[in-house]
Amino acid sequence: MPPILSLRHYSHEVLSHSHEHPQLVFGLAGELQFDVDGQGSRVLRHHLAVVPAQSRHTCGSPGGSHCLVLDLPANDWLERQLGHHADSIQRLLDKPRAMQLDPVQGQLLSWLASSPINDPVIANQGAALLLGSLACGGQHVQPGGLPLAALDSYIEQHAARPLQVADLARLAGLSVPRFHARFLAETGRTPMEHIRQRRLQLAEQMLLSSDLPVGEVAARVGYASQSAFTAALSRHLGMTPRQLRRGR
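In this text, residue positions in the sequence shown follow my numbering: the first is 9, and each later residue adds one.
Source of the hints: derived by calculation from the structure; they are not laboratory data.
As the structure is a prediction and not an experimental result, all values here were calculated from the model.
Beta carbons are placed, not taken as given, at the ideal position from N, Cα and C, and that holds for glycine.
Some hints could be false.
Stated by the list, open to error - So the derived label-pair ranges between C-beta atoms look like this:
| id | residue 1 | residue 2 | range |
| --- | --- | --- | --- |
| 1 | V22 | E87 | 33 to 39 angstroms |
| 2 | N83 | P155 | 22 to 28 angstroms |
| 3 | R250 | Q62 | 32 to 38 angstroms |
| 4 | G68 | L216 | 43 to 49 angstroms |
| 5 | A168 | R243 | 19 to 25 angstroms |
Let the hints inform the model, and build the full structure from the sequences given.
Written as structure tokens, this is what we have:
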């Protein structure tokens, strides 16, 4: 079992693994590209990615990223350290998610990152404080977040036509500004970034599972030209549609 708190630097190398315990990755500087069980997000400064136990996760940072990583001990550590807050944190750890810390939580994170966390007492108490602050920040851990599955389904069904943030906000029953803020807090990316990502993921599936012309695939996911689609997919996957199909 690794130390409960550790400072880590991520480089351009892509890491992919899983472990028996839950893990929380807090961003300190840079951008860490994160994928947990197929759910992508970005860990930026004062953002958090939740990795449930046994979840396959992949991460990499082309520009470099510094993070504070909290590896949850096994057994009854949560109950002993957090008391009645343990249930809230357990719900937080049940599924992959990305969140933005509030200013107070961000200050606590920065303080911990500059503390001697190699000391077991400071590490344990610091981890408990950080988790306790998440449990008290009800908007972060209570159920009833955005209907992400329904939003993804809507994007896939309407991928060929222009999609606006207002379309998704209306589905979630929120104003556009409120939806934008909630979406960024829960996923670590903007709604439009998510729409682009879902379109490209859908296009990847089409390219691998069909022989549709590349131009037709581009049109079905909302790109007006094959060249714009090819450029976007190359940025997303690091390969062109032809190269992707060649590897089938």
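Taking the hints in turn, this is what the structure says about them:
{"no.": "1", "hint": "V22 / E87: 33 to 39 angstroms", "result": "36 angstroms, holds"}
{"no.": "2", "hint": "N83 / P155: 22 to 28 angstroms", "result": "35 angstroms, violated"}
{"no.": "3", "hint": "R250 / Q62: 32 to 38 angstroms", "result": "36 angstroms, holds"}
{"no.": "4", "hint": "G68 / L216: 43 to 49 angstroms", "result": "22 angstroms, violated"}
{"no.": "5", "hint": "A168 / R243: 19 to 25 angstroms", "result": "21 angstroms, holds"}
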